[in-house]
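Take the sequence shown: its letter number 235 is residue 235 in UniProt numbering, and every next letter is one higher.
Keep in mind that the hints were calculated from the coordinates and are not lab data.
Take the hints with a grain of salt, since some may be wrong.
Said to hold, decoys possible - In silico DSBU-like cross-links for lysine-lysine, where the CA-CA straight-line distance does not exceed 35 angstroms:
hint : residue 1 : residue 2
1    : K159      : K60
2    : K66       : K160
3    : K223      : K92
4    : K127      : K66
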Amino acid sequence: MGQELSSMCTCFDTIQESKHEMSFIDSENKLKDHEGVEKPDNSSENENPFEQVEEISGFKYSTIIKLATPAVDNFTQLINEGVDGYDVIIDKENCKVYSREATDGYIIKYTWNVQYSPQEFMNFMDKAELRKTWDSNIDIINVLGFYNPKESLVYTKYKKFLAFDPRDTLAFCKSTVINGNLAEVTFSVESEAYPKGDKSVRVILYCAGLYAENIEPDDQGNKTKITCLSHMDVGLPKALNNVARKFAGTTIPPLTKKICTELKKYYDQQ
1 MGQELSSMCT CFDTIQESKH EMSFIDSENK LKDHEGVEKP DNSSENENPF
51 EQVEEISGFK YSTIIKLATP AVDNFTQLIN EGVDGYDVII DKENCKVYSR
101 EATDGYIIKY TWNVQYSPQE FMNFMDKAEL RKTWDSNIDI INVLGFYNPK
151 ESLVYTKYKK FLAFDPRDTL AFCKSTVING NLAEVTFSVE SEAYPKGDKS
201 VRVILYCAGL YAENIEPDDQ GNKTKITCLS HMDVGLPKAL NNVARKFAGT
251 TIPPLTKKIC TELKKYYDQQ
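Use the sequences and the hints to build the structure in full.
Have a look at this one:
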């Protein structure tokens, strides 16, 4: 999920495919971790039950997985801290956006409610092949491979915006359970097989992702609260970070509205 520049959040070859190609793994092999989960078991939080994984060319799993625990811990801390100390960028009925500066880059966090269960929402967001239907800022999204049903690597390139160079991310995505709720945590990785390009800026995702929790149904039939957050460095001079994070916040409401539209369309067609 993601974890992404357009939403300032996140989350998304066969193993030998070029990163310059738009490719997706067969939808039957897509992340299944969230499907059929009615009530998450807290005992599974932060566990990795897969003792053996198939390596993905250009990456070493043993190196990446060492970074996963601190990333999940950081994500959990950002979820649990709420929004005290954050600037309120947007405060609409079904979209609230908050942001604050960080030692490295900045943090943006936003929430909205949906009419689908946490499982249904996460299953939809897991489908990389549908990503462009709700995120028009994406130029390329390439699923590099899956270590197991919970963990994958994704390369994403974003379109050029105004005078800014295109941005891209190379990220590890992990489906997990936090506070008894479904979550997708993403963080940046690097590989010589996927070097930083001369014509794009590699964004650093310290941690990003999605968090879905059940709520009491409201008058609109919403029954799940979604929190999307990202702590990142988008490669701008520090003096511009404050402007960037506030501008980014203003782009969120149209994005969440589009996600809701495509979410409904997807399940109406099932």
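To see whether the hints hold, each was checked on the structure:
{"no.": "1", "hint": "K159 to K60", "result": "holds, 29 angstroms"}
{"no.": "2", "hint": "K66 to K160", "result": "holds, 33 angstroms"}
{"no.": "3", "hint": "K223 to K92", "result": "holds, 18 angstroms"}
{"no.": "4", "hint": "K127 to K66", "result": "holds, 26 angstroms"}
The earlier numbered hints are all upheld by this structure, with none contradicted.
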